[in-house]
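So you can see what is in the structure, the chains are spelled out below.
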Amino acid sequence: MDHQLFHIFRNNPLGRETLLQSIYFCSKVGASPVIYIPKHAKFLMYFENDVVQIDLDNSYLTSPETALKHATELVEQGGMKARFLEPKHYTASTLPDIQTNFDFMCCPRSISDLSSKIGLGYIGPRVRRIVESARFPILITSPVYKKWQSIAVFFGGSTNAVNALKLGFRISRVSGLPLDVYTRVEKNSRESYEKVIKDENLEDEMGLYVNKWHFFEKGLFEDNLYEVPHDALVVLGAYGHGLIKTFVFGGKMEKIQSTISNNLLIVGPYYTSTR
Amino acid sequence: MRILKSWRYPASWNIFRLDDRLLLILMAAIVGNCSGLAAVILNRSLVAMFEWLHHLRHYWWVFVLPAVGAALSSLFLDKVVKEGAGHGVPEVIYSVSRYGGLLRFRSSFSRLISSCLTIGSGGSAGPEAPVVISGASIGSNIAKFFSLNDRQRVTLVGCGAAGAISSIFNAPIAGMVFAIEVIIGEWKSVNIVPIAIASVAGTEVSRILQGNQIAFSHRLFSIDLIDIIACLGLAILTAAASILLTRMLRSIHEISGRISAPVWLRAAAGGCAVGIIGLFLPVVLGEGYHSVRIMIEGTFSQGLAIVALAALAKIVATSLTLGSGGSGGIFAPCLVIGSLVGLTYHHSLVLLWPSVSWVNEGCFALLGMAGLISGMLQAPLTGIFLIVEITGGYEVILPLIIVSAISTTLCHYIEPASYYLKDLVELGHLLRPGTDARVLSDLNVPEILERDCITVNQNMLLRDFINIVKKSHRNYFPVENEETGDFMGIIHLDDIRQYLFNPIMYDAVVLGQIMDTKVEVVHPDDDLSEVLRRMDANRLFSMPVVINNRFIGLISKATLLDQYRKELMVQTSH
Numbered sequence: 001m002d003h004q005l006f007h008i009f010r011n012n013p014l015g016r017e018t019l020l021q022s023i024y025f026c027s028k029v030g031a032s033p034v035i036y037i038p039k040h041a042k043f044l045m046y047f048e049n050d051v052v053q054i055d056l057d058n059s060y061l062t063s064p065e066t067a068l069k070h071a072t073e074l075v076e077q078g079g080m081k082a083r084f085l086e087p088k089h090y091t092a093s094t095l096p097d098i099q100t101n102f103d104f105m106c107c108p109r110s111i112s113d114l115s116s117k118i119g120l121g122y123i124g125p126r127v128r129r130i131v132e133s134a135r136f137p138i139l140i141t142s143p144v145y146k147k148w149q150s151i152a153v154f155f156g157g158s159t160n161a162v163n164a165l166k167l168g169f170r171i172s173r174v175s176g177l178p179l180d181v182y183t184r185v186e187k188n189s190r191e192s193y194e195k196v197i198k199d200e201n202l203e204d205e206m207g208l209y210v211n212k213w214h215f216f217e218k219g220l221f222e223d224n225l226y227e228v229p230h231d232a233l234v235v236l237g238a239y240g241h242g243l244i245k246t247f248v249f250g251g252k253m254e255k256i257q258s259t260i261s262n263n264l265l266i267v268g269p270y271y272t273s274t275r
Numbered sequence: 276m277r278i279l280k281s282w283r284y285p286a287s288w289n290i291f292r293l294d295d296r297l298l299l300i301l302m303a304a305i306v307g308n309c310s311g312l313a314a315v316i317l318n319r320s321l322v323a324m325f326e327w328l329h330h331l332r333h334y335w336w337v338f339v340l341p342a343v344g345a346a347l348s349s350l351f352l353d354k355v356v357k358e359g360a361g362h363g364v365p366e367v368i369y370s371v372s373r374y375g376g377l378l379r380f381r382s383s384f385s386r387l388i389s390s391c392l393t394i395g396s397g398g399s400a401g402p403e404a405p406v407v408i409s410g411a412s413i414g415s416n417i418a419k420f421f422s423l424n425d426r427q428r429v430t431l432v433g434c435g436a437a438g439a440i441s442s443i444f445n446a447p448i449a450g451m452v453f454a455i456e457v458i459i460g461e462w463k464s465v466n467i468v469p470i471a472i473a474s475v476a477g478t479e480v481s482r483i484l485q486g487n488q489i490a491f492s493h494r495l496f497s498i499d500l501i502d503i504i505a506c507l508g509l510a511i512l513t514a515a516a517s518i519l520l521t522r523m524l525r526s527i528h529e530i531s532g533r534i535s536a537p538v539w540l541r542a543a544a545g546g547c548a549v550g551i552i553g554l555f556l557p558v559v560l561g562e563g564y565h566s567v568r569i570m571i572e573g574t575f576s577q578g579l580a581i582v583a584l585a586a587l588a589k590i591v592a593t594s595l596t597l598g599s600g601g602s603g604g605i606f607a608p609c610l611v612i613g614s615l616v617g618l619t620y621h622h623s624l625v626l627l628w629p630s631v632s633w634v635n636e637g638c639f640a641l642l643g644m645a646g647l648i649s650g651m652l653q654a655p656l657t658g659i660f661l662i663v664e665i666t667g668g669y670e671v672i673l674p675l676i677i678v679s680a681i682s683t684t685l686c687h688y689i690e691p692a693s694y695y696l697k698d699l700v701e702l703g704h705l706l707r708p709g710t711d712a713r714v715l716s717d718l719n720v721p722e723i724l725e726r727d728c729i730t731v732n733q734n735m736l737l738r739d740f741i742n743i744v745k746k747s748h749r750n751y752f753p754v755e756n757e758e759t760g761d762f763m764g765i766i767h768l769d770d771i772r773q774y775l776f777n778p779i780m781y782d783a784v785v786l787g788q789i790m791d792t793k794v795e796v797v798h799p800d801d802d803l804s805e806v807l808r809r810m811d812a813n814r815l816f817s818m819p820v821v822i823n824n825r826f827i828g829l830i831s832k833a834t835l836l837d838q839y840r841k842e843l844m845v846q847t848s849h
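As given, the protein sequences belong to chains S and U, one line each in that order.
Going left to right, the first sequence walks through residues 1 to 275 as the working numbering numbers them.
Going left to right, the second sequence walks through residues 276 to 849 as the working numbering numbers them.
Careful: at least some of the hints might be erroneous.
The calculated SDA-like cross-link candidates involving lysine to any residue, where the alpha carbons are at most 20 Å apart (straight line), are [unchecked claim]: (1) LYS357/U - HIS40/S; (2) LYS354/U - GLN53/S; (3) LYS166/S - PHE215/S; (4) LYS28/S - LYS793/U; (5) LYS88/S - ILE300/U; (6) LYS745/U - PHE776/U; (7) LYS746/U - LEU718/U; (8) LYS357/U - PRO537/U; (9) LYS357/U - LEU74/S; (10) LYS357/U - LYS166/S; (11) LYS39/S - VAL322/U; (12) LYS88/S - SER716/U; (13) LYS793/U - LYS746/U; (14) LYS187/S - LYS147/S; (15) LYS81/S - ILE489/U; (16) LYS354/U - SER59/S; (17) LYS252/S - GLU217/S; (18) LYS28/S - LYS146/S; (19) LYS42/S - VAL845/U; (20) LYS832/U - ASP801/U; (21) LYS463/U - ILE300/U; (22) LYS357/U - PRO96/S; (23) LYS746/U - SER716/U; (24) LYS357/U - PRO178/S; (25) LYS793/U - ASN732/U; (26) LYS147/S - PRO13/S; (27) LYS354/U - SER93/S; (28) LYS81/S - VAL29/S; (29) LYS357/U - ARG381/U; (30) LYS88/S - ASP761/U; (31) LYS42/S - GLY359/U; (32) LYS697/U - HIS89/S; (33) LYS832/U - ASP800/U; (34) LYS146/S - LEU74/S; (35) LYS81/S - HIS798/U; (36) LYS357/U - ALA41/S.
In case anyone wonders, no lab produced these hints; they're calculated from the structure.
This is chain S alone, in the form it adopts within the complex (with noise of 0.2 Å):
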């Protein structure tokens, strides 16, 4: 029980569903909440390679007299113990320096801009940094609660894939809950994935906890999307391919990201699996 997600708590009836997402997959995945709710209109990150600056909308900032209740109270009815985030580092007076030794982080789509922004089809820039630089990945959840019965992994062979896979197994195993491996056949092969499958030693794991993998091989791959149940939790690797590949997001996680609605998993390029 000392896996810790790291959700930033907005006081709002958006903020509620967002902290009923976290809670959920804390209680699921076997981690507990470390809540953060923010006194100054922004923070800093600083991961191994980069720092981020994270600038906070206004509505992160209402009625703070009232949000460590809700988020309490929240908390405490789904049967955890509340634990919140007080910084101890400035680099200035109303700057603090918020800790990224946790094992998940739970973001909205868009954490800088106004919350009507939070629609499909929008990760904000600040949420993009997190995921390229956090060695945990990122919960981004969908705007209103939804409880998942499953996890639907996308394969698509690169190394951000095999983690997400590998995550994958993780969630299945503490979780119990079934797991669908999805791929879209493009210019490769089926043999070919199959084979980054062998490469990394995941055949047992493939046959212990993969209830099916699909493979999409015809029409648009966001066509493909609706076999993916609403109620599954999304687990997909970001920044994977190329040479440009620290640069941009990816091509499959931009059309999933804007086409379906569920909880997302991204793992970006620096992730490691903690334990």
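Go by the hints and put chain U onto chain S.
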């Protein structure tokens, strides 16, 4: 294709694999050029802004100009780039101390624009600190782009600062010394060589684009023994001025912070006050280099009272500009205040001992600058080399050393931390390489956590516990609630010693009766320096780590000190 793929990872190239010094020299040259260019851009922008606003200077309402500049600067920092006000040097030192020199990309340009607005409109501040953070940020982001490690990144941050100072003052040695003495705080060849290269690069950029000029040229000084002895008094006076400036800057910053007005309004109020002072004493406005030149040349025509008043006014104006939220540094104001203090001292000497043949007043102005810089920064070498280079006055080196050394010592005696470091020291954030605090800050509780502990429950009989002890190599046994799993306390072998030789007790005592429930626990987020302090205070050798009432492991002093030694070796191996 492989070359294309590895171009962002030069450290993996064969040529750099054995020793990264060549890589650092190459990167230092790039960083030095970029930061030098940033300094030239700010310099030219300030000149352009002065010229652009010059025709407004004769209007009666000119005092609002610094207010407008400070407000715009503050709004730009707060709303556009979302950074704090101030000069940013502590932020660079903080980042070097704690986060391996990681700096935001926006810092590479934000302070250039904001300080241009503040100083160009007449605010009493200097462009040097903004170019330092800009250069440092350029170095940090170039290191990030090429995926360099923490140590290499810190060196490039120093290179950026050195290139910027070298460029803006056309003073390569001062840039180098400043970066090592103030920013990095570690004199090692692995840093010195790249920083020297960056200083040369920054200086060359400045010389190519602006010409090779000495900033404050002067006549030849003939210094006698009496002048050197008189320098002792000047050192005391500059130290006093440094302390006054430091305290006034902090006081106005604190007062300004307590006012519940928008940040731009506070900056505007400070700027307006500076503008009003400037109506009567124009020497307080802007960076003040023109006044410094006149004073060093010995042609500043004002008498003792006016010069002394101007020195005080400049201290107040600088405090108002920077303390209320304007953007800029203290280098240039220090030069102006120092030369005014030097002039005041010279006029006083002439008044008291008119028959003595004192050296020209320009010499005292020059020495005053060194005294103030050294006092404020508590960095005597920076003060000495900067003044020697920007004045070309090597003949004053002896009194220069005396003034700088004494001023630094006196200031350190009264204010143990320099203006740049005071906040960091107070918050415990100054972690110089190789120090105890730095080594501990690079370790954390999860790194030294011992998870192979045997947990027991409160209802366990002593007999069963003794059987466990027989098989274990540990002295501490955490006790968990049998039903909830919550951490309840701990049993140390000493706690059962009295029962060990009394077998009657084996089935009569349960662990709940003998466990220690008043246990000092550690949280994974706790700082190890604090954990070690608690261990020492309570004479503990191990402490349980607990999250949400759940035991997750032990940390022991032995493991901590073992890791400490390894970390110290890593930090001091270059």
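Which earlier hints turn out false for this structure, listed by number in ascending order?
4, 5, 7, 9, 10, 11, 13, 14, 15, 19, 23, 24, 30
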